[in-house]
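Following the hints, put chain B in place on chain A, whose structure we already have.
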Amino acid sequence: MINRKPFILFSTTLLTAAVALSGCGSGGNSAEGGTSDSGGSSGKSGEQTTTVDFWVNWGGDFKNDYQKYVIDEFEKTHPNIKVKMTYVEGTDKLLTSIAGGNPPDVAQLDRFMVGSWAAKGSLEDLSPLIDRDGINKDDYYPGVWAEATYNNKVYALPWGTDARALYYNKTLMQKAGLDPNKPPKTMDELDAMSAKMFKKAGGGKYDEIGFIPWMNQGFIYTYGWAFGGKFEENGQLTPNNPENVKALEWMVSYAKKYNIATLSSFSNAMGQTGINPFWTGKVGFIVDGNWILNDLAKMKPNFEWGVTPIPSPAGLPSTTWSGGFSYAIPKGAKHKEAAWELMKFIAGHDGTLLWAKRPDGTNDITAMPKVNEELKMDQNPNLKVFLDLMPTAKFRPVTPVGQKLWDELARVQDLAINGKGQPQALLDEVKKNVDNELAKVSQPQS
Amino acid sequence: MAANDNVAGTVKTVRAAKRGSSSYERKMSLYGFLFALPWILGILIFSAYPLVMSIYYSFTTYSILDPGQWVGGGNYKDLMADGTFWISIYNTLYYTFISVPLNILVGVGLALMLNTKIRGQGIYRTIFFLPSLVPAVATTIIWLWLLNPQFGLVNYWLEKIGISGPGWLGDEHWSKPSLILMGVWGVGQAIVIYLAGLQDIPQDYYDAAEVDGAGTALKLRHITLPLMTPVIFFNLIMGTIGAMQNFVLPYTLTNGTGSPANSLTMYVMYLYQNAFNYLKMGYASAMAWILFLIVALLTVLIFITQKRWVHYQGKE
Chain A
68 MINRKPFILF STTLLTAAVA LSGCGSGGNS AEGGTSDSGG SSGKSGEQTT
118 TVDFWVNWGG DFKNDYQKYV IDEFEKTHPN IKVKMTYVEG TDKLLTSIAG
168 GNPPDVAQLD RFMVGSWAAK GSLEDLSPLI DRDGINKDDY YPGVWAEATY
218 NNKVYALPWG TDARALYYNK TLMQKAGLDP NKPPKTMDEL DAMSAKMFKK
268 AGGGKYDEIG FIPWMNQGFI YTYGWAFGGK FEENGQLTPN NPENVKALEW
318 MVSYAKKYNI ATLSSFSNAM GQTGINPFWT GKVGFIVDGN WILNDLAKMK
368 PNFEWGVTPI PSPAGLPSTT WSGGFSYAIP KGAKHKEAAW ELMKFIAGHD
418 GTLLWAKRPD GTNDITAMPK VNEELKMDQN PNLKVFLDLM PTAKFRPVTP
468 VGQKLWDELA RVQDLAINGK GQPQALLDEV KKNVDNELAK VSQPQS
Chain B
7 MAANDNVAGT VKTVRAAKRG SSSYERKMSL YGFLFALPWI LGILIFSAYP
57 LVMSIYYSFT TYSILDPGQW VGGGNYKDLM ADGTFWISIY NTLYYTFISV
107 PLNILVGVGL ALMLNTKIRG QGIYRTIFFL PSLVPAVATT IIWLWLLNPQ
157 FGLVNYWLEK IGISGPGWLG DEHWSKPSLI LMGVWGVGQA IVIYLAGLQD
207 IPQDYYDAAE VDGAGTALKL RHITLPLMTP VIFFNLIMGT IGAMQNFVLP
257 YTLTNGTGSP ANSLTMYVMY LYQNAFNYLK MGYASAMAWI LFLIVALLTV
307 LIFITQKRWV HYQGKE
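Protein chains in written order, with my numbering: chain A, 68 to 513; chain B, 7 to 322.
Simulated from the structure, these hints should not be mistaken for lab results. Predicted, not measured: the structure shown is a model, and the values here were computed from it. Using N, Cα and C, we set each Cβ at its ideal position, and we do this for glycine too. Hints are supplied without guarantee of correctness; some may be wrong.
[Stated by the list, open to error] Not the full set, but computed from the structure, chain B residues with beta-carbon under 10 Å of chain A: (1) A87; (2) P155; (3) T263.
Next comes chain A alone, as it looks inside the complex (with noise of 0.2 Å):
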């Protein structure tokens, strides 16, 4: 016979564990939303304090640092304002947070991605908290501010920026024959060094490379700029601009005359070893960020070096582009004053001066000319040439469907220098692609 106690006490404790656990799901929820902790240390003098839940999606020792540099600071001269920082890895989670109604206060985003997240709705338009504020566009560099952009409003503050540039192998150019105090200016120049400088090893493997467009930073929208091409003109997108097919072909060129198999595995054996190829002193030019300065103190290259402009078709004047971070309240946060205090502070002057004080950021180049100003950096002449490129820097078309521009130019340049497609066509598609995607964006939803 069955014994009834046991079996009606062991339900109920299932039930009440069952109910328990998911109160216990929606509590952590809404602490982790960051309710104001009234009942805090401050709850006896009255004054309430607000916690802001701050998400960073930059991995390593980012958030210690971040914390000790800027945060700590923010909270000596904020006193009723807590910042929670927690690291997320990516951009699925904050996606997620946001369609769940439950996202943190701020959060750092690639200002890359401002656009399409802003055209989704799941980003608050600051235009007014900037009006409000005083917040001056011109303590930006244009191209940084504008990617903050989209349709007239404001939907993140600009932090960080960097530009990109050729580094030269001055060893490598004295080998072959060249003035290692030349670097080349235009396009013809860098075709016609490059070539004295590759080097073939036993199996027919590249020991020493020229140039790889490419490698690092080389990609079409690089060149693109490079060769005098747009990116979006009069509102439309404009991938197979004439300019950039040009910039393409060029690109496929060396694919051809080097051999694009020779080439990747020379490329991929050095991408694997996580070392900079230009590090290595096998290769001749590279086009590569500024960041990659940071890692002199630890590299200490054996082999003379220089750092110039991109090159560009004869008579078109030198360009870079930039990216960077910003940061931005999604929308449904639940504490966005204190947010936009904490935004202020840290994409503001004070924030983004304490942070590229820091000891190992001497090569970081701020969204704030006049940060940059304070801190001597153009002193620094490899981080000059940097410099002087940033008002003119580009910058990726704002759009909803930016990241689908990228991925779309990544796989046809990818196709294109392994033989697959003609630059033109594979641009075409490009526009159809990004076009049809936008049409489908652009249509009105309630």
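Then chain B, alone, in the frame of chain A:
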């Protein structure tokens, strides 16, 4: 055992409750239901609901951030015109059709060898099982190094015997074979199942065959392999389903780009890109359902062929 009594009791009371019996029995059936409740809730909330919703979403422009609009078969129509979608199908089928049979061949072969009675048998078995304990991401990194075109061990050995190794993962003609090779590395899990199958074959059959004068080859052909077919059948189905959903390896290898030249763009990878990079969850849901149909179709096809080659003991 008391627990068994309880279950039996519950089952009985459920039946009794249907007939509308005493309150005691009705109460017992309620307990039975309460016991199953956590599981039922789990299935409903975490499996059934998303499943049903994904059908609905596949007909909308749902983007995670906004509910989107009803577009009918729009997503499916767009997919048919999406070049990358077709490339991902081609790549995934290519991978599945080669890697699954190859894994079975290698798995059965290794299992046969590991089943021979030699000294240190346990050590060999452990060695072959170990790789499948290594997390997929770690495996990927190890293979990246082994297959490194210039500093890799594989090309180093090839060079020793006078062959100039290919660019492996960097060469669009070799990237898929490389991926398949890496898949074979994880065959240990299947070997364990094959070994269990081999141990299950009664020794009597071999003894009888020996009396009739059968050699090793004949025994393998007419006893071992036929009796292994149910196990191979199981691994064929599981392997096919797994291969069609291959994600971690190609994603880690290419950072989600599928390079070189789209040769490693796998179906689920492209699905993920659409869902989380382009915020096209509706489109991704449509992709998921198409994948489901393809996998279902392949499984049905395998089941149909079953009669021809799978031998179950005690049948026929």
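Here is what the structure says about each hint:
1. A87: Holds, because the Cβ-Cβ distance from B:A87 to chain A comes to roughly 9 Å (cut-off 10 Å).
2. P155: 4 Å, holds
3. T263: 6 Å, holds
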